[in-house]
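Colleague: Chains A and B, in that order, are what the protein sequence lines are.
This note's numbering numbers the first residue of the first sequence as 1 and each following residue consecutively.
This note's numbering numbers the first residue of the second sequence as 1 and each following residue consecutively.
Simulated from the structure, these hints should not be mistaken for laboratory data.
Take every hint as true, because none was put in to throw you off.
Which residues of chain A face chain B? A few of them, derived with a C-beta cut under 7 Å, are:
no., residue
1, Asn-149
2, Met-150
3, Asp-152
4, Leu-156
5, Tyr-157
6, Ala-159
7, Gln-163
8, Pro-171
9, Trp-254
To spell it out: a stretch of chain B is covered by chain A in this simulated footprint if at least three of its residues, at any positions, have a beta carbon under 8 Å from a beta carbon of chain A; those stretches are:
no., region
10, 71-79
11, 103-113
12, 130-139
Nothing here was measured: the structure is a model prediction, and the numbers come from that model.
Each residue gets a CB set at the ideal place from its N, CA and C atoms; glycine is no exception.
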Amino acid sequence: MKRRDLIVWLLPALSGAVGIAIWYLVRAGTGLQSWILPTPAEVMGAAWAERATLLRAAGATALGALGGFLAASGAGLGIALALGWARWLRAGLYPWLLVLQMTPVIVLAPIIVLWAGPGLPGIITVTFLISFFPIVVNTTQGLLAAEANMADLFRLYGATRWQDLRLLRLPVAAPYFLAGLRIAATLAPIGAIFGEYLVGNAAGGSGGLGFLVYVYNTQIKIPALFATALISCLLGFVFVAAVAWLSWAVLHRWHDSYERHD
Amino acid sequence: MSDQPPIVQFRDVTKRFGDGPVVLNRLTLDVAPGEFVSVIGPSGCGKSTLLRLVAALSPVTAGALAVAGRPPAEAREGLAFVFQEATLLPWLTATENVELPLRLRGVGAAARRARAGELLGLVRLREAGPLYPRQLSGGMKMRVSIARALSREPRILLLDEPFAALDEMTRNHLNEELLGWRGKAPFTALFVTHSVAEAVFLSTRIVVLAARPGRIAGDVPVAFAGDRTARLRERPEYFEKVAEVSRVLHAAEAGAA
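Build out the structure end to end from the sequences listed, making use of the hints.
Modeller: In structure tokens form, the structure reads like this:
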């Protein structure tokens with residue numbers, strides 16, 4: 001095994017094993033009961049016992065997260081294009097975007113339920129609100145990041161505004177947009193779970209992982225709650241991996257971040 | 001000097017940015033078609049600004065500037081610009097970078113691909129067409145950048161220290177090749193450099209600027225018998241010319257200090 005593989009695979013496995021050992025030691029040392037601190041084995045047991053419920057819930061959460069994520073990507077790109085297009089639009093709109101971002105979604109939840117309705121539309125709206133901001137900020141920055149000499153070259157060679165956008169500014173912004181997507185991908189499942197927790201329990205029992213948190217908590221099924229956290233984490237990884245793949249597909253041929261140094 | 005009307009004509013041109021200091025002060029300079037004029041001078045003497053005025057990337061503050069007999073902004077069609085950095089678009093291949101000016105002009109894909117192929121052949125990079133900029137060396141990038149400029153078939157080529165970031169050997173090779181390309185695609189050149197040796201090797205004339213404010217401190221014609229090949233750098237008249245321009249440059253620096 002090469003030294004690099006050792007670092008990438010073996011070290012995280014080792015630190016994970018140490019973490020689990022400490023977990024067992026704390027449980028044994030404190031004598032806490034399983035409904036307060038279940039062992040990893042009890043968590044895995046709960047995950048297996050509840051597998052049908054967890055998978056169905058994960059599917060529902062993935063749907064809400066994907067809907068919110070796609071809406072945030074589309075709207076985020078659109079808003080960034082508007083902000084990047086003209087300074088007066090930037091000056092006029094940016095402060096209000098900040099206001100929206102600074103308003104805690106939990107405060108907006110009742111309004112969201114009132115407007116978007118409970119269930120999927122409300123969950124998508126919450127996910128959207130949580131994940132669109134990094135896309136807007138990153139992409140706007142990218143649209144303004146073209147090197148001065150490159151912009152001069154386009155000006156000198158008579159590029160139309162559309163050519164300037166399509167052939168210069170959008171490609172320059174692509175890595176920024178994808179970095180925004182990567183942040184949004186970590187936020188979208190959290191947003192969906194949070195949305196389900198806030199508004200999804202009115203959806204008539206079809207709620208996702210966020211609804212399960214509510215249910216397991218009221219039933220004091222703590223190992224199942226840990227199992228829900230584990231599945232949520234895996235769902236997050238799926239989202240991040242999908243965006244990482246998209247980034248690779250778009251950038252690997254030309255972007256310095258994919259340059260190999262071995 | 002040619003009898004033809006100047007292709008670039010500065011008349012008492014002054015440039016300052018906002019309320020800042022005067023960058024160029026009452027500059028009067030004629031460039032005849034076919035000349036290779038190098039502009040040399042200490043840092044801050046306005047060499048790059050002079051090129052940017054010709055390219056209409058910045059307006060003159062006072063005086064008159066005509067490019068091909070017209071205001072600079074109306075004469076861009078016949079211009080091309082090569083920057084110190086190659087400024088290649090990293091997401092385009094070498095071929096696509098060379099094609100870019102033609103693409104901006106609306107030339108069809110097949111025609112511009114063919115032209116890019118010819119130009120990459122001219123700069124001895126035909127094989128590098130499918131490569132991305134990050135796969136090219138500094139010298140190769142600059143060749144692609146010059147091929148891109150030549151794709152516009154410019155009447156005037158503006159070069160802003162294009163070889164400054166390259167090692168001396170690559171720089172010398174590219175100097176020789178630039179003269180070769182100019183033989184095949186004639187253009188008037190305005191070439192900004194810090195290197196007296198490079199200026200002497202390339203130019204038919206060297207304009208020396210003094211700094212703060214930028215003004216003309218000397219105008220030295222450069223003529224050598226025979227072709228300018230690498231051997232020119234070994235000839236006594238070459239050394240004499242380098243010494244002569246260096247003296248003018250030192251005087252300009254001393255005067256500005």
